[in-house]
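Sequences are here, hints too, so could you generate the full structure?
2 protein chains.
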Amino acid sequence: MLVLITYDVNTEDAAGRKRLRQVAKQCVNYGQRVQNSVFECLLDPAQCRMLQSKLCAIIAQEKDSLRFYYLGNHYQTKIEHFGAKSGYEPEGVLLV
Amino acid sequence: MLVLITYDVNTEDAAGRKRLRQVAKQCVNYGQRVQNSVFECLLDPAQCRMLQSKLCAIIAQEKDSLRFYYLGNHYQTKIEHFGAKSGYEPEGVLLV
Numbered sequence: 248m249l250v251l252i253t254y255d256v257n258t259e260d261a262a263g264r265k266r267l268r269q270v271a272k273q274c275v276n277y278g279q280r281v282q283n284s285v286f287e288c289l290l291d292p293a294q295c296r297m298l299q300s301k302l303c304a305i306i307a308q309e310k311d312s313l314r315f316y317y318l319g320n321h322y323q324t325k326i327e328h329f330g331a332k333s334g335y336e337p338e339g340v341l342l343v
Numbered sequence: 248m249l250v251l252i253t254y255d256v257n258t259e260d261a262a263g264r265k266r267l268r269q270v271a272k273q274c275v276n277y278g279q280r281v282q283n284s285v286f287e288c289l290l291d292p293a294q295c296r297m298l299q300s301k302l303c304a305i306i307a308q309e310k311d312s313l314r315f316y317y318l319g320n321h322y323q324t325k326i327e328h329f330g331a332k333s334g335y336e337p338e339g340v341l342l343v
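So the protein sequences, as listed, match chains A and B.
327 is the number that the working numbering gives to position 80 of the first sequence; each next residue is one higher, with no gaps.
309 is the number that the working numbering gives to position 62 of the second sequence; each next residue is one higher, with no gaps.
Note that these hints are calculated values from the structure, not bench results.
The reader is advised that the hints may include incorrect statements.
As the list claims (entries may be wrong) - List time: in silico BS3-like cross-link candidates among lysine-lysine, alpha-carbon distance up to 30 angstroms:
#1 B:301 / A:272
#2 A:310 / B:265
#3 A:301 / B:325
#4 A:325 / B:332
#5 B:265 / B:332
#6 B:272 / B:325
#7 A:265 / B:301
#8 B:301 / B:265
Quantities reported herein were computed from a predicted structural model and do not represent experimental measurements.
Written as structure tokens, this is what we have:
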């Protein structure tokens, strides 16, 4: 299933900037970056729980936020992109 | 239907920062800000086209990007939030 992950990490201090890099690094392992703080990942339920657990261990619960959106398997018609950088198709084929 | 809108606006110059403010201002008119550059809006198809048209007129097509995700009417089970600031329920009831 396609899981959209969006995050806000408070980067006021060096620790926050480190958390931001760590969150992005984990997400890169599982999916495609489509915007600065937005990843689309093709995950099965076990992978999804694993990634949630890793990200929750990185973020500062009181300062940062993570959102997971479950778009299912039929996500192609559920996404539209406008402007720069056309979206990546999570299974590897570039959308045009 | 719930429409998730995510955007990346290039804020390297003053014009970009103005576009960012304008995009956020339009989105605020239609929905709830759940993260810095992420809005959840309850829209009918006509409102959705209207908002797309307004946002596309604001952004710099070669520098900024907008993504629309269509989560349908049964979106409550499709969203999970972790960390700071619990999400807003688009129909006005705070999720806990």
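Structure-based check of all given hints:
no.: 1; hint: B:301 / A:272; in the structure: violated, 34 angstroms
no.: 2; hint: A:310 / B:265; in the structure: holds, 26 angstroms
no.: 3; hint: A:301 / B:325; in the structure: holds, 20 angstroms
no.: 4; hint: A:325 / B:332; in the structure: holds, 26 angstroms
no.: 5; hint: B:265 / B:332; in the structure: holds, 26 angstroms
no.: 6; hint: B:272 / B:325; in the structure: holds, 26 angstroms
no.: 7; hint: A:265 / B:301; in the structure: violated, 36 angstroms
no.: 8; hint: B:301 / B:265; in the structure: holds, 15 angstroms
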